[in-house]
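Assemble the complex: chain A is given as a structure, and chain B must be docked to it using the hints.
Given next are the chains, with one letter for each unit.
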Amino acid sequence: MSDEHFLRVENLTKTYGTTTVVKGVSFDFAKGEFISLLGPSGCGKTTILRMIAGFETPSRGSITVDGENITAIPPNQRRLGMVFQAYALFPNLNVGDNIAFGLKVAGIGRDERRTRVEEMLKLIGLPGYDKRFPYELSGGQQQRVALARAIAPRPRLLLLDEPLSALDAKIRVSLRQEIRAIQRELGITTVFVTHDQEEALSISDRIVVMNAGDIEQLGTPHDIYNRPATRFAATFVGQLNTLPARISDAAAGQANLGGRTITLPGLPSGIVNGAEIGLAIRPEMLSPVPRAESDISLDGTIHDVSFLGSVVRLRVDLQGTMVNVDTFNDQSAVPPSRGDAVAVHMASRDLMILPR
Amino acid sequence: MRAPPQSRRTMTEIPAPGRPIRRLNLEWLGVAPFIIFAVMFLILPTLYLVSAAFVGRDGQLTFDNIAGLFTDQILAAYWISIRISATSAGIGAIAGLAITLAIIRGRLPDALRSAIMTFSGVASNFAGVPLAFAFISTLGRLGLVTIILKALFDIDIYRAGFNILSFWGLTLTYLYFQIPLMILMIAPAVDGLKREWSEAAQTLGASSWQFWRHVGFPILWPSFLGTLSLLFANAFGAIATAYALTGSSLNIVPILLYAQIRGDALQNPGLGAALALGMIVITACANIIYLVISARAERWMR
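If you read the protein sequences in the order shown, they are chains A and B. Adding 4 to a residue's 1-based position in the first sequence gives its number in the working numbering. Adding 108 to a residue's 1-based position in the second sequence gives its number in the working numbering.
Extracted from the complex, chain A is given alone in its bound form:
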């Protein structure tokens, strides 16, 4: 089995009664990849993770890790590590004993366990914490210990079930960077479940966007964000403006947008003249000042201004269509005000024709 197919999921299906929560999902991941399963609540991402872990039995399909079909193997024989949303540290064991748990049940000797625990504590930046109990640690520290506990027995696959959801915003950002750094250092194949698109985009090698039990798109963060394959992927990942347009000359790839004729890149086949379409564009691709690549300009009125720190978000009324325009904060410039007239500039190449 090559490293390119280290984790292989084929036609994975899970049905409860008459409800199918995972619909024949298949994917292949390479050894050492960091993969995120991204989607809203109820999309089936956690069910897939739990089937990989062995806590749920697939109704159909198979799961293969490093060439071994683990579909019917009990969870305690799969040699996987898992980190849970609520840490799940054993409250009766101190940090050292928590980290050593997997080694102890595997029959590893005391000295080797101690050495490994010290290695792990150093790796997660908590040396000297081995005698503390979970209740003496902060949420972020507990989750680091949970990570150390999961990787101490050297699992072949690491499963992370929304491990950052219970933490506050600053800790989330720092801990996700630490998780990624540790994952890179150890080269461990990791499946990360999250509903937070920013988290998924920031640390993944590849992302599986899921919706209603099925895969909407599988790709790199750059592809998912810039070239969404489905309407759901386009709207779920990142902010998106949708501008109504009408096809004026399908053969020439031309459409009418706000009274102007624009040429669209890659008009899908089957679209006829007069068809109503939605043109999507990210807020950062719109600008209140012309850029070199701008070839479209639409007049509008500022409806609202939101200061988001490094970004200033303008809510602009473009002839009845509300769009968000993101600009970098400029401390020397006076921010625009509500009611100001504004010309919104964009490049036609940045427009995405939303798939149906």
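To be clear, the hints were calculated from the coordinates, so they are not data collected in a lab. On a predicted model such as this, the values are computed, not experimentally measured, just so you know. Accuracy of the hints is not assured; some may be wrong.
[Stated by the list, open to error] Across the chosen pairs, the derived CB separations fall in these ranges: (1) Ser-63(A) <-> Leu-220(B): 19 to 29 Å; (2) Lys-135(A) <-> Thr-170(B): 49 to 59 Å; (3) Arg-221(B) <-> Arg-231(A): 43 to 53 Å; (4) Trp-317(B) <-> Ala-173(A): 36 to 46 Å; (5) Ala-110(A) <-> Ile-255(B): 53 to 63 Å; (6) Leu-399(B) <-> Lys-126(A): 35 to 45 Å; (7) Leu-150(B) <-> Ala-110(A): 48 to 58 Å; (8) Asp-115(A) <-> Gln-181(B): 57 to 67 Å.
[Stated by the list, open to error] Here chain A is said to cover these stretches of chain B; the calculated rule only asks that three of the stretch's residues, wherever they fall, bring their Cβ under 8 Å from a Cβ of chain A: (9) 294 to 308; (10) 312 to 319; (11) 322 to 334.
Where is the CB? At the ideal position from N, CA and C, for every residue including glycine.
Just chain B now, with coordinates in the frame of chain A:
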């Protein structure tokens, strides 16, 4: 560090400096009935018993009553009381834990859990004469179950050595309320065992037994021991069931105490007070063990 208590007064109610206004805290009214009952029927009688244990028939201070506890008959009564209480508490705790684990952690229907919890609420309070009568009616020499076993299966439990008026008969009767009490008291602790703990243990390679040995039972242990001590105290102080069931044929401390204070030939109120003091000390020890152990359990569960 705890924040200082906040005043609930509004600005318009701030008293003038030097003239603090003392207001009746109405919350105390809510707990007043409990406090009055506890003072009248627990604290004052206890104080009376403690003082009476050191007063002789002539009204003078004496240690004769305490010394009287160390006779063979009374020591034997304490010993059999402790044995019955410990046995019924031990069996009740183990059986109650097994049932609780089955209905909460097992894959049994939810309705069964709710039915057992409801039954336990009733059964744990079913004691005294009705319980004694129920057991005599079923497991007495002419009890229904005794007769059925003999008639249908040719099993004579009395010929086999069983006697409802014996140590094991009383223990079995106590189990009727001890097991449900254990179920009611240990259920929150079993509920508190997070599913993620066993899942985490499994992903780390642990078998089910290894999870229970290293994680599950150690977490339940303080709650188990604490509840065990409460079951012990519960059985140790029980009188009505034992008296109604065995009369004076089984010499346990509550029956002996009853005999001392009810004015029959054995009457010695001072010795009765000393017997009661001994019971208070033993049940207090059981309750102190419970408090210490449950405080430890709560520390883990933070």
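Examine the region 322 to 334 of chain B: at least three residues should have C-beta closer than 8 Å to a C-beta of chain A. Since three or more residues must qualify, the claim that chain A covers the region 322 to 334 of chain B holds, with 4 doing so at under 8 Å.
State, for the Cβ atoms of Lys-135(A) and Thr-170(B), whether the hinted interval 49 to 59 Å holds or is violated. Since Lys-135(A) and Thr-170(B) have Cβ atoms about 54 Å apart, the given range 49 to 59 Å holds.
Return holds or violated for the Cβ distance of Trp-317(B) and Ala-173(A) against the range 36 to 46 Å. holds (42 Å)
Look at the Cβ atoms of Asp-115(A) and Gln-181(B) and judge whether their distance stays inside 57 to 67 Å. The hinted range 57 to 67 Å holds for Asp-115(A) and Gln-181(B), with Cβ atoms some 60 Å apart.
Between Arg-221(B) and Arg-231(A), is the Cβ distance one that fits in 43 to 53 Å? Holds, since Arg-221(B) and Arg-231(A) (Cβ atoms, about 52 Å apart) stay within the stated range.
Verify the CB-CB distance for Ser-63(A) and Leu-220(B) against the hinted window 19 to 29 Å. holds (27 Å)
Is the coverage entry for the region 312 to 319 of chain B by chain A consistent with the three-residue Cβ rule at 8 Å? Since three or more residues must qualify, the claim that chain A covers the region 312 to 319 of chain B holds, with 5 doing so at under 8 Å.
Between Ala-110(A) and Ile-255(B), does the beta-carbon spacing fit 53 to 63 Å? holds (58 Å)
Holds or violated: the 48 to 58 Å window for the beta-carbon distance between Leu-150(B) and Ala-110(A)? At 54 Å between Cβs, range holds.
With a cut-off of 8 Å between beta carbons, are at least three residues of the region 294 to 308 of chain B near chain A? holds (count 5)
Beta-carbon spacing of Leu-399(B) to Lys-126(A) - inside the hinted bounds 35 to 45 Å or not: Holds - the Cβ-Cβ distance for Leu-399(B) and Lys-126(A), about 41 Å, lies within 35 to 45 Å.
No hint from the list above goes unmet by this structure.
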